[in-house]
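*Asks:* Residue numbers (this note's numbering), protein chains in the order written: chain A, 1 to 243; chain B, 1001 to 1157.
Since the hints were derived computationally from the structure, they do not count as laboratory data. Remember, predicted model here, so these are calculated numbers, not experimental data. Watch out, some of these pointers could steer you wrong.
[What the hints assert, rightly or not] Quick list of in silico lysine-lysine cross-link-like pairs, DSSO-like style, CA-CA up to 27 angstroms:
1) A:LYS96 x B:LYS1005
2) A:LYS96 x A:LYS145
3) B:LYS1124 x A:LYS108
Below are the chains, spelled out letter by letter.
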Amino acid sequence: MNLTRRHFLILLPAAAVAWEAVLAGTPETSPNYAMTEHWWGMLVDISKCIGCGNCVRACATENDVPDGYFRTWVERYHISDYDLTNPVVDSPDGGKEGFPAMLESGGKNFFVPKMCNHCADSPCTQVCPVGATFITPDGVVLVDKKYCIGCRYCIQACPYGCRYLNPKTQTADKCTLCYHRITQGLTTACCEACPTGARQLADLKNPNDPIHEFVRTHDVQVLKPYMATGAKLFYNDLDGSVR
Amino acid sequence: MSRFKDGGHLLRVVLVFVLGASAFLVLRAALVPRSFGEYGHYRGNAINEIAAQPIAFAGHQTCETCHPDIATVKNAGKHAGVNCEACHGALAKHADSPVDVRPPTLDTAVLCVRCHQANGARPKSFPQVNADEHSAGLPCGTCHQPHSPVIGAGAKQ
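For reference, chain B alone in the conformation it holds in the complex:
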């Protein structure tokens, strides 16, 4: 105090800074989530929250545990690489409670042409038909079995 005439003022300024800095540190510790910075400049727990989203598509492995007979027929035919839910739709709910949630009935008139209607941009090697001319209005299922579509290739499924 003897060296500076008004040393008390300086002390108060320092005190204000120290108080402000401590308040900042305390608030930051309280408000920033604990997982922030765990892996980078983001909230680490966000990863787990996104991973906790429920699934809608059960996956063909799940389908095949209960329907191995259909899987055998399908995997022996032209549609071997087509997964069940590609046509049947998302059925994780059906897999969870098979009796309560029934899969919807499918309409081959919509499903087959989705992939097989002729389109100039489709790969030339992919089997395509002009549906109107091809079947003369008959549903595809009259001749083709969807699980093994080559005519005469498999038993009716």
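Extracted from the complex, chain A is given alone in its bound form:
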């Protein structure tokens, strides 16, 4: 069929309407979820963590995290009685398969699960040159992989080392706080798989969330508070030597 100028002009509005649909993107998936009613964070109770690695494996399964990369990982700290400020830290394969027996004896030993702190004033979102990473109105730091150009600025900017360049997509990747789950009323994969309740998803805007009572009655801290990132990964029983 020969496309005449007349036909082309007739088809133009149809193409414009179709392009509009392309630009509009996917529709809202959870119509009952209102972003403005939530402000997400997480509570980690170090005194309950047993270093089983369930969270690391669950995260990899849920989010298809490539081998050798981590959205969450567990570190084991050993603090000698004679050198309190220089802990020995190990994290074999991110703690994915658990931890071998301790090499050091004595001192103070504990596990520290780590992941994105979903900072309210995050350095990673500030350095993105293309608007590919951002904090949602409900307080979750996400990456738009269609916009990410893979420049790695955000990976360098994160003070907690929580981002990586996904080798499959060549875009920055990180913990989404299981955004696809929490918007459906489920907890995150790591919290679901944690056998001791060392991790608890927390909705800081919900006055009935147990986090408020917990924070009132425990000594809760965030990592690197002096960086003023507004971190929302709260730790109970955090030793001062943890970086």
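Using the hints, position chain B against chain A.
*Replies:* Below, chain B without anything else, positioned relative to chain A:
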């Protein structure tokens, strides 16, 4: 035209600027996604795209709708706080089609020691054993029922 000798040149420069600016505005309207700037300096629809990812862990509430008997036994014992998928693995596919997708058979020799093998960094109050000495090679299930592990605490599940 009477005031400036070459007023025509100025007019052409202005025209070029106006054309350039309109081309920029038209292209920007066409190329920038409609949802960009909806909530901030990013594509608002990216949020929905990320929220549309399928789930792998069904969640213990889903498990308990079909397996209330096991949930009752588990919630009466020491493993009350341990969610089903902590040991059984991600089973959203099984929840979607219970007959077609069967949960994998579990190996207590791997699962139990993952949490209960003695490790110096584990909290002192957490029950830990040295598996080699503890059971003399017998599988954990010989004495302990995983859903209610205290010996003699519950019926076999």
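*Asks:* Does the alpha-carbon distance linking LYS96 (chain A) and LYS1005 (chain B) stay inside the 27 angstroms limit?
*Replies:* violated, 80 angstroms
*Asks:* Assess, step by step, whether the Cα of LYS96 (chain A) is no farther than 27 angstroms from the Cα of LYS145 (chain A), and give holds or violated.
*Replies:* holds, 26 angstroms
*Asks:* Regarding the pair LYS1124 (chain B) and LYS108 (chain A), is the alpha-carbon distance no greater than 27 angstroms?
*Replies:* holds, 11 angstroms
The structure does not agree with numbered hint 1 stated previously, though it agrees with all others.
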